[in-house]
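**Student:** Read off the chains here:
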Amino acid sequence: MGFGPMISALMRNKTGAILVALQIAVTLAIVINSLYIIVQRVEKINRETGMDVNNVIVTYVRGFGEGFDVVDSITNDIDLINSIPGVVAATVANHVPLSGSGSGTGLRTVADETIESVSTGRYRWSEAGLDALGIELSRGRNFFPEEVNYILPASDPPTPPSIIVTQDLANDLFGEEDALGKTVYWGDMEPSKIVGIIDHMHGSWVSWDKLGNVVIQPGKPAYTTNKYIIRVEPGMRDKLMPIIEKKLGESNRQRVVKGVESLEEMAQRSYRRDRGMAIVLSVVISLLIGLTALVIVGLASFHVTQRTKQIGTLRALGARRIDIIRQFMLENWLITTTGAVFGVVLTGLVAYWLEVSFELPRLDWRYLPAGVLTLWVLSSLAAFEPARRAASVPPAVATRSV
Amino acid sequence: MFKYNVKLAFKSMRRNPIMTGLMVAAIAVGIGVSITTLTVYYLMSGNPIPDKSNELFAITMDSWDPLRPFDDDNPERAPHQVTFHDAERLIAIGKGKRQTAMFESSLIIEPINDGELPYEAGARVTSGDFFPMFNVPFIYGSGWDKAADEAAEPMVVLTKALNERLFGGDDSVGKWLTMQGTRFQVAGVIDAWEPIPRFYDPINGGFREVNDMFIPYSLTRTLELQSTGSDWGWKAEEISSFEQWLNSEAVWIQYIVELDSARDRDEYTSHLDAYVGEQKRLGRFERPLNNNLYNVMEWMEYHEVVATDSKVLVGLSFLFLTVCLLSTIALMLTKFVGKKGETSLRRALGASRKVIFRQQIVEVAVVGFSGGLIGLALAGLGLQGIEYLYDAPAGLVTLDWVMVFAAIAIAVFSGMIAGLYPAWRVCSIPPAAQLKTQ
Numbered sequence: 001m002g003f004g005p006m007i008s009a010l011m012r013n014k015t016g017a018i019l020v021a022l023q024i025a026v027t028l029a030i031v032i033n034s035l036y037i038i039v040q041r042v043e044k045i046n047r048e049t050g051m052d053v054n055n056v057i058v059t060y061v062r063g064f065g066e067g068f069d070v071v072d073s074i075t076n077d078i079d080l081i082n083s084i085p086g087v088v089a090a091t092v093a094n095h096v097p098l099s100g101s102g103s104g105t106g107l108r109t110v111a112d113e114t115i116e117s118v119s120t121g122r123y124r125w126s127e128a129g130l131d132a133l134g135i136e137l138s139r140g141r142n143f144f145p146e147e148v149n150y151i152l153p154a155s156d157p158p159t160p161p162s163i164i165v166t167q168d169l170a171n172d173l174f175g176e177e178d179a180l181g182k183t184v185y186w187g188d189m190e191p192s193k194i195v196g197i198i199d200h201m202h203g204s205w206v207s208w209d210k211l212g213n214v215v216i217q218p219g220k221p222a223y224t225t226n227k228y229i230i231r232v233e234p235g236m237r238d239k240l241m242p243i244i245e246k247k248l249g250e251s252n253r254q255r256v257v258k259g260v261e262s263l264e265e266m267a268q269r270s271y272r273r274d275r276g277m278a279i280v281l282s283v284v285i286s287l288l289i290g291l292t293a294l295v296i297v298g299l300a301s302f303h304v305t306q307r308t309k310q311i312g313t314l315r316a317l318g319a320r321r322i323d324i325i326r327q328f329m330l331e332n333w334l335i336t337t338t339g340a341v342f343g344v345v346l347t348g349l350v351a352y353w354l355e356v357s358f359e360l361p362r363l364d365w366r367y368l369p370a371g372v373l374t375l376w377v378l379s380s381l382a383a384f385e386p387a388r389r390a391a392s393v394p395p396a397v398a399t400r401s402v
Numbered sequence: 403m404f405k406y407n408v409k410l411a412f413k414s415m416r417r418n419p420i421m422t423g424l425m426v427a428a429i430a431v432g433i434g435v436s437i438t439t440l441t442v443y444y445l446m447s448g449n450p451i452p453d454k455s456n457e458l459f460a461i462t463m464d465s466w467d468p469l470r471p472f473d474d475d476n477p478e479r480a481p482h483q484v485t486f487h488d489a490e491r492l493i494a495i496g497k498g499k500r501q502t503a504m505f506e507s508s509l510i511i512e513p514i515n516d517g518e519l520p521y522e523a524g525a526r527v528t529s530g531d532f533f534p535m536f537n538v539p540f541i542y543g544s545g546w547d548k549a550a551d552e553a554a555e556p557m558v559v560l561t562k563a564l565n566e567r568l569f570g571g572d573d574s575v576g577k578w579l580t581m582q583g584t585r586f587q588v589a590g591v592i593d594a595w596e597p598i599p600r601f602y603d604p605i606n607g608g609f610r611e612v613n614d615m616f617i618p619y620s621l622t623r624t625l626e627l628q629s630t631g632s633d634w635g636w637k638a639e640e641i642s643s644f645e646q647w648l649n650s651e652a653v654w655i656q657y658i659v660e661l662d663s664a665r666d667r668d669e670y671t672s673h674l675d676a677y678v679g680e681q682k683r684l685g686r687f688e689r690p691l692n693n694n695l696y697n698v699m700e701w702m703e704y705h706e707v708v709a710t711d712s713k714v715l716v717g718l719s720f721l722f723l724t725v726c727l728l729s730t731i732a733l734m735l736t737k738f739v740g741k742k743g744e745t746s747l748r749r750a751l752g753a754s755r756k757v758i759f760r761q762q763i764v765e766v767a768v769v770g771f772s773g774g775l776i777g778l779a780l781a782g783l784g785l786q787g788i789e790y791l792y793d794a795p796a797g798l799v800t801l802d803w804v805m806v807f808a809a810i811a812i813a814v815f816s817g818m819i820a821g822l823y824p825a826w827r828v829c830s831i832p833p834a835a836q837l838k839t840q
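Keeping their order, the protein sequence lines are chains C and S. Read left to right, the first sequence gives residues 1 to 402 (this note's numbering). Read left to right, the second sequence gives residues 403 to 840 (this note's numbering).
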């Protein structure tokens, strides 16, 4: 049995066939483009941060009232936190990486304000800072304790001679050259020497393209709100969070402990939009695939019922079951493939629209063949059951009147 | 006749429950997804203050680095905030109908009674003009007046929620709070007021809740209030005291002016130009003259308040709706083909094409309407999901009557569009032709 009966069957309901093909085409365009966005967001969320995110606790405290001494308060707090069993290291910091709140600056390799500076995130913490975030120093040294001083609000902190930078920032500043030991200049043209290099760490703003550019200065910021970064032993985090909150609260009543959070939660909040988009799109394409599959099954079943008599006649004339199955599967394949052809074109158009109107990254072409292959498999699976049912029509049906 | 058509429609729907179910499901899912994304877009892009959006203007002045623009990607733009001292002088000059300079801060409210805990509250530091400018509703009392602004009186206006927390929701006007070692007197309590987007401060977040309380801008100096919002700086200046910070070139103040009408825009721009001209003579504002006024919707556009993701989702979900419609047409067509016999009989018995056509259209409208209703329920669920995923303030994303109406209209209309071709096909069945064969 050849294509003849199949084509003629399709031609009898060509509008229906075209509609299904079109539906497949649009489905393909939505699914491929959405999947691409989802994959990108998931990759973004799962990037290596360079920190021990799961074992870090962050807490904010703020003093008030007469006679409150912020330097005393920080010193006592850090001592108190370090005395809690399970705490590995703690520091006071100006900002917390991955939190969405940070500070940025520009650095130069020469003291000339007319040349463009290199943008970077900027942190200030004590010699315990790297340990408190679980950041590994790949080369050079950490700050010496004597380099770390309290920085009071609205006082111009002395530009520190020593800084630690990430490799990303070092590359932006010095290219191929080794940055260790080199001098860089701040906005006010004061110099600093790079004493240590971190292989990789993320800054505060997760959607910034310079997220990997970080410069760290030594110092204990004694601002209005004191931010503490605390690393604990693996598995101790959730147990220690309420303990830290309670102890800090009790130790000094002239303070508000503004909550204790895990760095993991903070990072999740920073990625909320990306995660939201990935989840919304996943729901949308699941619904879409489900709907399209149901409609294909539904229509195929309906056609089998409609054509019971025709199938019976074919069987009576000697067509084997496998011939009937093959005919239905081929019919389905023909519709799917037509849909895939339109679909590939439409996918390209949608991808172009997303790229041009919203500056989304260009679709990776490999998604197209992968999408079409998946489509073939899925649509064959969807059509198999109705085809099998068609094949089970007994030849004797041909002799009955409907 | 319509009732008869509806009756026939239900009869026909029941005869083929799987097909009908699929059609209703297709429309429902399509409506559910597209109304969900459309509602989010509609909320984000809405006009938060329609009766005044053309008379309120955010101002920008280019006090930035003579060597490079504020925003490398949009070099024509001036900084979107102004310096403290420029804001202070503009307030003093006061050429608008009303004006406010403002920033976000936070203060600790010391316990009123023993046993209570101190509480850190977010504050908007602003002028008394804020309240009449933005049509802020009050439950008790009012904002503060110009005299309070000028004398830097420690007055405070509370939100309904904070008043609930501190005073159990009672009329607290005239009561006292201690913050930052200073006693503040409650001037008023505002009613629930959550403009979406929070148009007066898209810089620190267009979709956040309104700050807990409001205090006079003139207190900044005396209480050394720190900004918790964003600030930008370009100049290497020595800042070793709060006074030096206030006099620095850092931009951290938002400035909004209300004019009598949109026509006064040019006039106000020339005031700004005059002010900047004066400053230029003092050696500041070294960049080319670049003063701008943005009305509310322009300001929302400037800050791209509508997230790109939201636009992408609306686009994709309307493609989704197309798939649903294609399904509906295919299903409808298949179903009508199966009804050839019945239609032929009715035609043979004297039903005109018009009658048959009308009957088919009623049937698809009924399918569309049912799909629309279920779709609305799905959209309700979808919006709750969005609220949860994006951690939006409770009740921020809700369906309003416009969206409900839009959902039903889109459903019925698209159902009918989907039914037109199948209906036309059915009408073209000649009377009795089908009766012969079997």
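Just so you know, the hints here were simulated from the structure itself, not pulled from any lab data. The structure presented is a predicted model; accordingly, all values stated were derived computationally and were not measured. Among the hints, erroneous ones may be present.
Listed below are the simulated EDC-like cross-link pairs for lysine to aspartate or glutamate, each with C-alpha atoms no more than 16 Å apart in a straight line [to be verified]:
| # | chain 1 | residue 1 | chain 2 | residue 2 |
| --- | --- | --- | --- | --- |
| 1 | S | K713 | C | D274 |
| 2 | C | K258 | C | D274 |
| 3 | S | K637 | C | E116 |
| 4 | C | K258 | S | E512 |
Stretch-level coverage of chain C by chain S, calculated; a stretch enters the list once three of its residues show a Cβ under 8 Å from a Cβ in chain S [said to hold, decoys possible]:
| # | stretch |
| --- | --- |
| 5 | 57 to 69 |
| 6 | 226 to 237 |
| 7 | 323 to 332 |
| 8 | 375 to 383 |
From the three backbone atoms N, C-alpha and C, an ideal C-beta is built for every residue, glycine too.
**Student:** Against each hint, give a clear statement of whether it holds in the structure.
**Tutor:** Hints, verified against the model:
With a C-alpha separation of about 14 Å, the suggested pairing of K713/S with D274/C holds against the 16 Å cut-off. Simply put, K258/C and D274/C have alpha-carbon atoms about 27 Å apart, too far for the 16 Å limit, and the pair is violated. For the suggested pair K637/S and E116/C, the alpha carbons sit about 14 Å apart, so the restraint of at most 16 Å is met. The suggested pairing of K258/C with E512/S holds, with an alpha-carbon distance near 14 Å, which does not exceed 16 Å.
With 4 residues bearing a CB less than 8 Å from a CB of chain S, the stretch 57 to 69 of chain C meets the requirement of three and the coverage assertion stands. Counting residues of the stretch 226 to 237 of chain C whose CB lies closer than 8 Å to any CB of chain S gives 0, which falls below the minimum of 3, so the coverage claim is violated. Check on the stretch 323 to 332 of chain C: 0 of its residues sit with their Cβ under 8 Å from a Cβ of chain S, so the three-residue criterion for coverage is violated. With 0 residues having a Cβ less than 8 Å from any Cβ of chain S, the stretch 375 to 383 of chain C misses the three-residue criterion, and the hint is violated.
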